[in-house]
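Asker: Everything in the sequence shown is counted per the numbering used here, starting at 515 for the first residue and increasing by one.
It is worth saying that the hints were derived from the structure and are not from the lab.
Please note that the accuracy of each hint is not assured.
Pair by pair, the computed Cβ-Cβ distance ranges are [unchecked claim]:
no., residue 1, residue 2, range
1, P680, E835, 47 to 53 Å
2, S628, T851, 40 to 46 Å
3, A534, S828, 41 to 47 Å
4, R815, H768, 38 to 44 Å
5, A602, A534, 29 to 35 Å
6, L577, N618, 30 to 36 Å
7, G849, R815, 37 to 43 Å
8, A673, E571, 36 to 42 Å
9, S831, R632, 46 to 52 Å
10, S628, S828, 43 to 49 Å
11, G797, F661, 27 to 33 Å
Cross-link-like lysine-lysine pairs, in silico, DSS-like; alpha carbons within 27 Å at most [as the list claims (entries may be wrong)]:
no., residue 1, residue 2
12, K642, K582
13, K582, K522
14, K564, K537
15, K747, K855
16, K537, K575
17, K537, K855
18, K582, K855
19, K855, K522
20, K575, K522
21, K522, K537
22, K564, K575
23, K582, K564
24, K770, K537
25, K564, K642
26, K522, K747
Ideal Cβ positions, reconstructed from N, Cα and C, are used throughout, including at glycine.
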Amino acid sequence: MDRITIRKPDDWHLHVRDGAMLKAALPFTARHFGRAIIMPNLLPPVCTVKQAEAYRERIRKALPAGVKFEPLMTCYMTHDTDPDEVEAGFRAGVFTGVKIYPANVTTNSAAGVSDYRRIRRVVERMEKIGMRLLIHGEVIDPEVDVFDRERVFIERVLAPLVSRFPGLRVVLEHVTTREAVEFVSAAPPRVAATITAHHLLLSRDALFAGGIRPHLYCLPVLKREGHRRVLVKAATSGNARFFLGTDSAPHARHTKETTCGCAGIYTAHAGIELYAEAFAAAGALEHLEGFASRHGAQFYRLPLNTESVTLTESPWSVPDEIVFGPDRLVPLRAGATVAWKLA
515 MDRITIRKPD
525 DWHLHVRDGA
535 MLKAALPFTA
545 RHFGRAIIMP
555 NLLPPVCTVK
565 QAEAYRERIR
575 KALPAGVKFE
585 PLMTCYMTHD
595 TDPDEVEAGF
605 RAGVFTGVKI
615 YPANVTTNSA
625 AGVSDYRRIR
635 RVVERMEKIG
645 MRLLIHGEVI
655 DPEVDVFDRE
665 RVFIERVLAP
675 LVSRFPGLRV
685 VLEHVTTREA
695 VEFVSAAPPR
705 VAATITAHHL
715 LLSRDALFAG
725 GIRPHLYCLP
735 VLKREGHRRV
745 LVKAATSGNA
755 RFFLGTDSAP
765 HARHTKETTC
775 GCAGIYTAHA
785 GIELYAEAFA
795 AAGALEHLEG
805 FASRHGAQFY
815 RLPLNTESVT
825 LTESPWSVPD
835 EIVFGPDRLV
845 PLRAGATVAW
855 KLA
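The whole structure should be built from the sequences, with the hints applied where relevant.
Answerer: Here it is in structure tokens:
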């Protein structure tokens with residue numbers, strides 16, 4: 515198969531930043547996807563309905579003329595998050611979900627959660643109203659190896675949370691390990707997971723191919739080849755609990771190529787093509803539409819997109835860098851090719 519037409523996909527985990535970077539990043543995503551879950555980790559974070567409405571309006575204004583795209587906003591969970599604010603935003607159609615960042619786990623997460631007892635009232639309210647909890651699943655513990663942080667988070671935090679709140683709908687975002695796939699697969703249908711294209715295509719060896727590759731550094735960090743293969747099997751299985759979330763994260767070149775570089779890989783320039791490449795390599799293109807266009811919408815109880823997109827097996831060259839406002843950004847596959855192309 516060298517050509518495939520699918521229902522227009524959605525991105526269930528996306529960073530578009532703000533200001534000049536938002537204006538530069540958004541057109542790439544809007545070209546590929548009908549909707550996207552927008553991450554709230556700005557500075558300051560998006561914690562209130564008013565902040566989310568203002569951010570949504572800035573996103574809409576940054577769209578190219580005539581382009582149809584729906585940003586789905588999220589609330590950044592802190593120890594001070596008000597259950598009434600969360601419910602008001604959900605009922606008003608502003609908040610699609612609430613995002614948990616463990617404190618200091620990744621970019622702009624200092625205001626995140628360190629004591630899960632302090633967010634119990636919010637989670638109880640979310641369970642009651644049927645609101646989704648989106649989780650970056652890693653522990654921050656100096657005694658835990660960076661490659662084990664997802665596994666330990668599932669053991670210490672996620673499994674007890676899912677058990678304690680039997681009606682709570684949970685998305686474990688950007689899963690990277692065999693343990694995460696096994697947990698989601700065995701969990702009740704109210705638990706799902708997103709998978710990135712870079713975790714489907716790359717193992718941790720890519721980080722050190724010929725030297726340190728700072729533009730392949732992300733969190734959760736790339737894992738062993740065995741974990742990558744498990745992710746591919748889950749994504750291409752047709753299991754509706756696994757769906758597309760790029761976690762595309764724009765960072766200026768100079769913030770990656772430095773003594774303490776930022777975590778994040780930019781993939782929005784080839785947002786659906788990279789997934790097509792991974793599915794084609796697995797001989798499972800027939801499952802791409804479910805993973806990219808159906809499973810996420812069904813889990814969030816939203817209508818499917820009515821438009822379609824066509825992909826062809828037609829290699830194209832990725833530029834060495836992309837202009838992002840006053841900065842430059844290095845995308846995944848910079849200077850190389852992607853095997854599939856959006857027609």
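Asker: Now tell me if each hint is right for this structure.
Answerer: Going through the hints against the structure:
Range check, P680 to E835: Cβ separation about 48 Å, and the 47 to 53 Å hint holds. A beta carbon spacing of about 43 Å between S628 and T851 agrees with the range 40 to 46 Å that was offered as a hint. Between A534 and S828 the CB atoms are about 32 Å apart, so this pair departs from the stated range of 41 to 47 Å. A hinted range of 38 to 44 Å for the beta carbons of R815 and H768 is consistent with their spacing of about 42 Å.
Evaluation of the 29 to 35 Å hint for A602 and A534 yields a pass: the beta carbon distance comes to about 32 Å. L577 and N618 have their C-beta atoms about 33 Å apart, which keeps the hinted 30 to 36 Å range intact. For G849 and R815, the hinted distance range of 37 to 43 Å is satisfied, since their beta carbons lie about 42 Å from each other. Distance hint check: the CB atoms of A673 and E571 are about 39 Å apart, consistent with the given range 36 to 42 Å.
Take S831 and R632: their Cβ atoms lie about 50 Å apart, and the range 46 to 52 Å holds. Checking the proposed 43 to 49 Å range against S628 and S828 shows it holds: the Cβ atoms sit about 48 Å from each other. Distance hint check for G797 and F661: the Cβ-Cβ separation is about 29 Å, which falls inside the suggested range of 27 to 33 Å. A distance of roughly 33 Å separates the Cα atoms of K642 and K582; the hinted pair therefore is violated under the 27 Å criterion.
Of the supplied pair hints, the one linking K582 and K522 holds, its CA atoms being roughly 11 Å apart against a limit of 27 Å. With a C-alpha separation of about 21 Å, the suggested pairing of K564 with K537 holds against the 27 Å cut-off. Taking the CA atoms of K747 and K855, the gap is near 23 Å; set against the 27 Å cutoff, the hint holds. About 9 Å separates the Cα atoms of K537 and K575, which keeps this hinted pair within 27 Å; it holds.
Taking the CA atoms of K537 and K855, the gap is near 23 Å; set against the 27 Å cutoff, the hint holds. The suggested pairing of K582 with K855 holds, with an alpha-carbon distance near 20 Å, which does not exceed 27 Å. A hinted pair counts as satisfied when its Cα atoms are at most 27 Å apart, and K855 with K522 qualifies at roughly 14 Å. In summary, the hint linking K575 to K522 is supported, as the alpha carbons are separated by about 22 Å, within the 27 Å threshold.
The straight-line distance between the Cα atoms of K522 and K537 is roughly 22 Å, inside the 27 Å bound, and the hint therefore holds. For the hint linking K564 to K575, the alpha-carbon distance of about 17 Å falls within 27 Å, and the restraint holds. About 23 Å separates the Cα atoms of K582 and K564, which keeps this hinted pair within 27 Å; it holds. Taking the CA atoms of K770 and K537, the gap is near 20 Å; set against the 27 Å cutoff, the hint holds.
A distance of roughly 23 Å separates the Cα atoms of K564 and K642; the hinted pair therefore holds under the 27 Å criterion. Between the alpha carbons of K522 and K747 the distance comes to roughly 23 Å, so the proposed pair stays at or under 27 Å and holds.
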